[in-house]
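Asks: Okay, here's what each chain looks like letter by letter:
2 protein chains.
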Amino acid sequence: MVYNMKSIFACEKKNFSNWYNEILKTADLIDLRYNVKGFIVYRPWSMHIIKKIYQLWEQELEKNGHKPVLFPVVIPPENFEKEREHVKGFKPEVFWITEAGDNKIERLALRPTSETAFYQLYSIWVRSYADMPLKCYQSCAVYRYETKATKPLMRGREFLWIEAHDVFETEQEAINQVRQDMKITEKIFGQLSIPFIFFQRPAWDKFAGAVNTYASDTLMPDGRILQLPSTHYLGQNFSKPFDVKFIDKDGEEKYAYQTCYGPPISRTFAALISIHGDSKGLILPFDIAPTQIIIIPIIFDESKDIVMKAVEKIKNMLNNYRVEIDDSEKRSGEKFYYWEMKGVPIRIEIGPKDVKKNQVVIVSRVDGKKKTVKHNNLIKEIKYMEKEILKKLKENADNYFNSMITDANNVDKVKKVLEGKGGFIRVNFCSIEKHGEKCAETLKEKTGAEVRGIRFDKKEKPNGKCIVCGKKASYVVWVGRAY
Amino acid sequence: MVYNMKSIFACEKKNFSNWYNEILKTADLIDLRYNVKGFIVYRPWSMHIIKKIYQLWEQELEKNGHKPVLFPVVIPPENFEKEREHVKGFKPEVFWITEAGDNKIERLALRPTSETAFYQLYSIWVRSYADMPLKCYQSCAVYRYETKATKPLMRGREFLWIEAHDVFETEQEAINQVRQDMKITEKIFGQLSIPFIFFQRPAWDKFAGAVNTYASDTLMPDGRILQLPSTHYLGQNFSKPFDVKFIDKDGEEKYAYQTCYGPPISRTFAALISIHGDSKGLILPFDIAPTQIIIIPIIFDESKDIVMKAVEKIKNMLNNYRVEIDDSEKRSGEKFYYWEMKGVPIRIEIGPKDVKKNQVVIVSRVDGKKKTVKHNNLIKEIKYMEKEILKKLKENADNYFNSMITDANNVDKVKKVLEGKGGFIRVNFCSIEKHGEKCAETLKEKTGAEVRGIRFDKKEKPNGKCIVCGKKASYVVWVGRAY
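Chains as they are written, first to last, in this note's numbering: chain A, 80 to 562; chain B, 80 to 562.
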């Protein structure tokens, strides 16, 4: 075998933007040549992964008492305009249907998010305390007329997500749900080895209509922040205009408390690609890889039959996994590079010598280590590697994430860090309420950093003055440049 | 136990329209109270079933070499208007997006079907003979501004389907694909016990842009026809305007041959509900029932603990099935009626006497027959019933279907049958080419019957004259009133 050929994907990850665009193309993930700006085409390798990500989340939501529903893609203005803050936030981004056939019709919004679709019916479904908790989710695409630069899978005009909409009798139950949403996020990202932190967003960056927004942020390899799932405590902000009320046990009519949760499927995929990939291409976590194990027969004319027989036998042994055989005409080295680029977590090589010794060679995508394994140890070894790969991916991802958190006690340092490695910067800040917004604007103007909010999982005590206005700091906020 | 209560769903199926609307509501399948005409809300019991129907089809399509993709919901006019017949057929039904935020934007069609989205990229993806067959599918909703009366799940302005789009080197391969699409349909409808016949549609009722359309029809309980999946041989009608061409083995540049296939998920669900349901409510085939087995403990205060222990044990024994326990406060009779109405195929009752004898009582939803079964025979019995239920559903459905096929040798008889039981009527007909259209129009005016085409699976030889114009008949066509 000749190994001196170049990898078919030799794109340094240091130039992340270039690397990202190249991998989308080389691995046949996304086609950007569809002729409408901001709309992308998902190719098969993507769709297999996307479907698996959907499954993980749907299963977890259902385990936690959510039920699947599907609401229309269109929202009439009478719904859309019911909650004042919500309409103010989303109106600039709404696509409007105004014609059908040759007729003008009453305008309909293409859903940018579905609070105002769901809650019209929730006001009918919820009658008494016995109808709650009401917890439904839908898996769908949403549409936003983004004016910021779009980036495939990270920010587009059509993106895939899940939205869960929950209704409760009491404030406390709603707040518990917000915590459960965070736990669900934690569980899924555990299976995908994606590091993140949940922040309570500042008042000026809340979901339009929410009382409070909690959003998880991760870091891309270029040090920019990518927002992942967010969960919103809506209080009674929607239940009042939408009339979601119930007769309580005491016979009184009360407005319900609501939450909503939005796991972004396209973005989770973007995070996966970006965080785990390397200069050979994709690296996919075991759970969501369309092909988990690729078997490559090392074929010479005289031993072809015995090798292929062993290959089939090994494939059958592994029938609990998603296994493919690459018996194409390509040279073995070329096959190795191809499947490495596609991110398949485990490669098995079987040559005539291996057949004689009842063994195979196993290679892990995450560190390239080779092992020779006897047939009767194979299943055990795969199970071990499955965990090892996830662990290694997590180690690598966590190491990077943790190395990208910097403290700064003045605006200049923030700027300097962002001009260098980027990442999260912790600073003392006057307020995350409305009156902190001005400092946030100043900071953004001077450094490009956005205030992502305060950590939710642990209280961080400020020690000193707001780095912008110099007043007494009430919070430690995390800032950074974001996608 | 008291059995004298009324069923919670006592709606005679004879008045099908009434029965259908009532079951959608009582079984919490569809909510029609969303405030945009022709758009419906899928509730959890529906969505669980819909997801299972999608799964069946997706698995089968993938087994047959199709790969999942996802194209944008919007189609620019430059694509949409490329194939003359296609645009003529679909233009009256297209929803147009013309504004975004406060801006007028270049109009975009909301996909009514996606040929003109897919084929723009297919012209890039297909370069040489080695790129074919290219077989992709997407699971999505499509949007049509229906002017005919809408009927939930059967005809709406938003409906769920799959669309598969395939490209081949030769005409023969494309025609083989059409046959494979029929086989896939047959397999899925076998799992759902839905009877159907594939017809070649007459020239005037082809898919807009197709060379030939083959569509499967089933019958609703009111004797009206419901169209199910259709598969279309497109020839080079789209490959030419969309420039889907390839360099063949001989070095020549050639246009490809195409097919498309559209399994309608909402309609399959409508057919399931309508064909199998009875005066107690839904009856769901085992494969797609959200709950396959409902266990109802027969509880008296003094024996509650030992019964619940047995119930848990039985549930664990059945962990390969989707099993629920109804231990609510309702009376047993009420529970029986409720789960019968929801269509759960198997009910298990466990009372204190059963516990003592290591037995349970099993009831089949399809015929209401009761059996007492020992614990150690339970799995075997469930496996047997699984097949029996499917068989019974098939028998019932086939018996009805076959009883609704009538021959007629004149227009009056067609009219009389349609005013009576309805169904399919076989008649001699002059032509299914363009020049038969006038006779079809006359027939429709006089009787309300549409010409559904000629059987695809077997040649039927006409014997006499066209029942409308009296000229020599070239075909036996099937006619009837359709949804």
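Fair warning: there could be bad hints in the mix.
Intra- or inter-copy, both count: the list cannot distinguish identical chains.
Within a straight-line C-alpha distance of at most 27 Å, the following computed DSS-like cross-link-like pairs (lysine-lysine) qualify [stated by the list, open to error]: (1) 146 with 131; (2) 104 with 214; (3) 462 with 450; (4) 471 with 392.
Hint data in this document are derived by calculation from the structure and do not stem from the laboratory.
Asks: Would you mind marking each hint as holding or not holding in the structure?
Replies: Quick rundown of the hints versus the structure:
In this homomeric assembly, residue 146 and residue 131 come within 27 Å of each other (Cα to Cα) both inside a single copy, at 18 Å, and across copies, at 14 Å. In this homomeric assembly, residue 104 and residue 214 come within 27 Å of each other (Cα to Cα) only across copies, at 20 Å, whereas the closest approach inside a single copy is 39 Å. In this homomeric assembly, residue 462 and residue 450 come within 27 Å of each other (Cα to Cα) only inside a single copy, at 14 Å, whereas the closest approach across copies is 44 Å. Taking the shortest Cα distances, residue 471 and residue 392 never come within 27 Å of each other, neither inside one copy (29 Å) nor across copies (40 Å).
Hint check: a violation occurs at hint 4 only; the rest are consistent with the structure.
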